[in-house]
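Those protein sequences? They're chains S and U, same order as listed.
Under the working numbering, the first residue of the first sequence carries the number 1, and numbering increases by one thereafter.
Under the working numbering, the first residue of the second sequence carries the number 1001, and numbering increases by one thereafter.
Source of the hints: derived by calculation from the structure; they are not laboratory data.
Wrong hints could be hidden among the right ones.
[Claimed, not checked] When the alpha-carbon atoms are kept at most 25 Å apart in a straight line, the in silico SDA-like pairs for lysine to any residue are as follows:
#, chain 1, residue 1, chain 2, residue 2
1, U, LYS1070, U, VAL1081
2, U, LYS1457, U, ARG1307
3, S, LYS114, S, THR77
4, S, LYS248, U, GLY1383
5, S, LYS248, U, GLY1246
6, S, LYS229, U, GLN1260
7, U, LYS1281, U, ILE1308
8, S, LYS157, U, GLY1383
9, S, LYS157, U, LYS1457
10, S, LYS229, U, TYR1264
11, S, LYS229, U, LEU1156
12, S, LYS176, S, PHE215
13, S, LYS157, U, LYS1281
14, U, LYS1323, U, GLN1152
15, S, LYS229, U, PRO1337
16, S, LYS229, S, GLU194
17, S, LYS229, U, ASP1310
18, S, LYS229, U, LYS1281
19, S, LYS229, S, GLU244
20, S, LYS229, U, SER1290
21, S, LYS248, U, GLY1405
22, S, LYS176, U, LYS1281
23, S, LYS248, U, ASN1265
24, S, LYS229, U, ASN1265
25, S, LYS229, U, ARG1307
26, S, LYS157, U, ARG1352
27, S, LYS157, U, VAL1081
28, U, LYS1070, U, LEU1156
[Unchecked claim] For each label pair, taking beta carbons as the anchor points, the in silico distance ranges come out as:
#, chain 1, residue 1, chain 2, residue 2, range
29, U, GLY1246, S, ASN121, 42 to 48 Å
30, U, ALA1054, S, LYS157, 49 to 55 Å
31, U, TYR1402, S, SER145, 41 to 47 Å
32, U, GLY1246, S, LYS157, 41 to 47 Å
33, S, GLY257, U, PHE1161, 55 to 61 Å
[Claimed, not checked] To spell it out: a stretch of chain U is covered by chain S in this simulated footprint if at least three of its residues, at any positions, have a beta carbon under 8 Å from a beta carbon of chain S; those stretches are:
#, region
34, 1266 to 1272
35, 1415 to 1421
The structure presented is a predicted model; accordingly, all values stated were derived computationally and were not measured.
Note that the Cβ used here is the ideal one computed from N, Cα and C, for glycine as well.
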Amino acid sequence: MLDKRKIGTIGFCLMLALFAAGCKKKAPPPPPPPPPPAPEVKQPPAAPSIVQFVAEPSSIERGQSTTLRWNVTNADTVSIDNGIGSVAASAQRRAFPSDSITYTLTATGPGGSKTATASVNVTAPPPPPPPPPPAVKLTLDQMLSSTVVDAFFDYDKSDIREDARAALSKDAEALKAIFTNFPDTITIEGHCDERGSAEYNLALGDRRATAAKAFLTQLGVPGDKLNVKSYGKEHPQCTESNEECWQKNRRVHFSTGQ
Amino acid sequence: MKRAFWFAAAFGGMLLVLVAQQSDVIIKLTQGDRPAIAVPELRGSGAAQPLMNAFNATLYNDLDSSGIFKMVPKTMYPLQVPQQPSDFREQSAPQATRHGQQPRTGGGTWLSDWSSPPVSANYLAFGYTAAQNDVLVLYGWLFNVAQPTVAQAQILGKRYFGSVDEAGAKKIAHEFAADIIGQFGGASLLGSKIYFVSNRTGHKEVWVMDPDGSNQRQISHFNSISIMPAVSPDGTRIAFTSFVRGNPAIFILSTDTGRQLPFYNQVASMNATPDFTPDGKQIVYSSTASGWAQIYIANIDGSNLKRISDTRALEVEPKVNPKTARDMVFVSGRSGPQQIYHMNMDGTDVQRLSNGEGEASNPSWHPNGQIIAFSWTRGFATGNFNVFVMDVTTRHFDQLTYGAGRNENPVWAPDGRHLVFMSTRSGGEQIYTMLANGTQVQRLTTAGRNSTPVWAK
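Whole structure, please, built from the sequences with the hints as guidance.
What follows is the structure in structure tokens.
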């Protein structure tokens, strides 16, 4: 229990103290506010670093692939343009560029962003392999002209001679091979030499082609694939007036189309 | 009356000779008593004169190539050539005078100047032309100079009109010649057409021209091989064989418009060598529907077809008798090399006409239905055809060409006196006309190769 005297003395002393303090430095300023809390990392953050961004190989032929390899540090996001998008910081990926291209890698982190490029040189492939098989007609024509031969006749005759038998027998096998490869029909053209009348020769050429067709179908060539057409003496392959030339024109010839 | 009788007798006489002489079928067609005609050069006044060379050449050629006349050489003519009837003087009756100074000729102004030697003409064609109001007018007369008086001599006196240019001059010359020929019962070829095949465009197409080779015009435009034409009797349609759709097939065009008319080609590798029946309502042709070229007949559009021949031989070129319409000639290989055959329309009574020698083809009927012209290699190497004529009944034949190249596809003119044919006598194939005795050969074409002519009214 404190007596009144004692409480008064303490208060007096305190006031003295306060006065004493205040009298020594006349009205001191308030202290500065405390500094803001320090950031967690004391040092300024490091910028991202692209350790590696390469394309291997850097030169390819069209249709081949290249490998993009990269290694990035201090980055939050890493992306590559040209349709690849966001990727991991360190990885590799195969790419199939069709033309020469430059990939740009963008790394973004707290310390900023950085880019690096990797170029791939795409060269055209070598010319395509020899004559492409597209033109079926040409091949059919080639097959016809290389494997099917003309058959020849005597004057004013449509009988199949010995040499024509041999020729047409060979033709039969060749035509069968052709028909297994092509849907086309083949025309047997009948031709004559210049000597008979044009009118009679039109009929004679038809008869020669018809006789050749009959011979071929007997050997198993499908008759519905063979068209008969007479040119009479309208399309001679030789125009001199001698037996050598006339013989060349007395023939059946095989052709494509109508 | 008297005059008409004389003409009838003269022309009838020529025909009689033709029929009577069996061993020389055709030669007599143009021989016998041919009237002698003098055709002096006509002159023109003013602007007409420069055209008279063309006129005179055309008139002379038409009369000469008609085969009806004996043309009196111009060197024989008197010096004074009448240009109109009033230029003639009546010959005074011969009077015996003391001094014998009675003139013996009129220098060309007497009828007897023309009828007596050295001219010895029966007839005189004369006249003149003038350009009047931009029209070329011909005053043309034909006189029978054997008559005693000028008044009785005139047979023909007529005016003709044409344009004042060479075409007009040729036109009136053709018309004057046609009237003169008509006086002798001859059918003029004026207005008739020759259809043929030419490759001058690079493709064989059907063409047409006048009988003297003028006015050549392309009919078909198929850019293919179009050959072997035939013309309907009325001249309105042309049928031929073409490769335009692939295999040889028959096509028909209107000759006026060039428009294609429908024709059904039966399923065959070849339908070819069409010809019209005399009534123009049907087509006869050759088809390989059976595997062999055989003769068929069908309607004008190809419908209602019927097979006529039935052999395992090649048969082409059916030609129906224009007079009877009941029989036909055709070419067949049924006995070996191609020969000319004759049969009825139903295929019966088949007879071979050519005797089996060589190869015979291209038969063509004379308008009288008794004589054919055809090409034959008889007497020559294979392929060397010559033109022959044959009486179908007696089978007597005459040869009209002799080995001057190939001579093929003879076809009678509507007048029955001329033939058109193809010949290689000058190198390439060209078209010629000639009289039915083998004379008066005239070349009509030069451009490209020209073949297979047909002569239509």
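So, going through the hints one by one against the coordinates:
1. LYS1070(U) - VAL1081(U): With a Cα-Cα distance of about 19 Å, the restraint between LYS1070(U) and VAL1081(U) holds, given a limit of 25 Å.
2. LYS1457(U) - ARG1307(U): 29 Å, violated
3. LYS114(S) - THR77(S): Judged against 25 Å, a Cα distance of about 11 Å means the pair holds.
4. LYS248(S) - GLY1383(U): 17 Å, holds
5. LYS248(S) - GLY1246(U): Within the cut-off at roughly 23 Å; holds.
6. LYS229(S) - GLN1260(U): 23 Å, holds
7. LYS1281(U) - ILE1308(U): 17 Å, holds
8. LYS157(S) - GLY1383(U): 15 Å, holds
9. LYS157(S) - LYS1457(U): With a Cα-Cα distance of about 39 Å, the restraint between LYS157(S) and LYS1457(U) is violated, given a limit of 25 Å.
10. LYS229(S) - TYR1264(U): Roughly 19 Å separates the two Cα atoms, so the pair holds.
11. LYS229(S) - LEU1156(U): Roughly 59 Å between the alpha carbons, so the hint for LYS229(S) and LEU1156(U) is violated.
12. LYS176(S) - PHE215(S): 14 Å, holds
13. LYS157(S) - LYS1281(U): 36 Å, violated
14. LYS1323(U) - GLN1152(U): Violated, at roughly 39 Å.
15. LYS229(S) - PRO1337(U): 22 Å, holds
16. LYS229(S) - GLU194(S): 18 Å, holds
17. LYS229(S) - ASP1310(U): 22 Å, holds
18. LYS229(S) - LYS1281(U): 29 Å, violated
19. LYS229(S) - GLU244(S): Holds - the C-alpha atoms of GLU244(S) and LYS229(S) are around 24 Å apart, at most 25 Å.
20. LYS229(S) - SER1290(U): Given pair LYS229(S), SER1290(U) holds - Cα atoms ~15 Å apart, limit 25 Å.
21. LYS248(S) - GLY1405(U): Roughly 23 Å between the alpha carbons, so the hint for LYS248(S) and GLY1405(U) holds.
22. LYS176(S) - LYS1281(U): 47 Å, violated
23. LYS248(S) - ASN1265(U): 31 Å, violated
24. LYS229(S) - ASN1265(U): The hint holds at about 15 Å.
25. LYS229(S) - ARG1307(U): Holds - the C-alpha atoms of ARG1307(U) and LYS229(S) are around 21 Å apart, at most 25 Å.
26. LYS157(S) - ARG1352(U): 21 Å, holds
27. LYS157(S) - VAL1081(U): It is violated: about 66 Å lies between the C-alpha atoms, which goes past 25 Å.
28. LYS1070(U) - LEU1156(U): Between LYS1070(U) and LEU1156(U) the Cα gap is close to 19 Å, so the pair holds against 25 Å.
29. GLY1246(U) - ASN121(S): 42 to 48 Å: 56 Å, violated
30. ALA1054(U) - LYS157(S): 49 to 55 Å: 53 Å, holds
31. TYR1402(U) - SER145(S): 41 to 47 Å: 45 Å, holds
32. GLY1246(U) - LYS157(S): 41 to 47 Å: 26 Å, violated
33. GLY257(S) - PHE1161(U): 55 to 61 Å: 57 Å, holds
34. 1266 to 1272: holds (count 3)
35. 1415 to 1421: violated (count 0)
Hints 2, 9, 11, 13, 14, 18, 22, 23, 27, 29, 32 and 35 from the list above are not met by this structure, while the remaining hints are.
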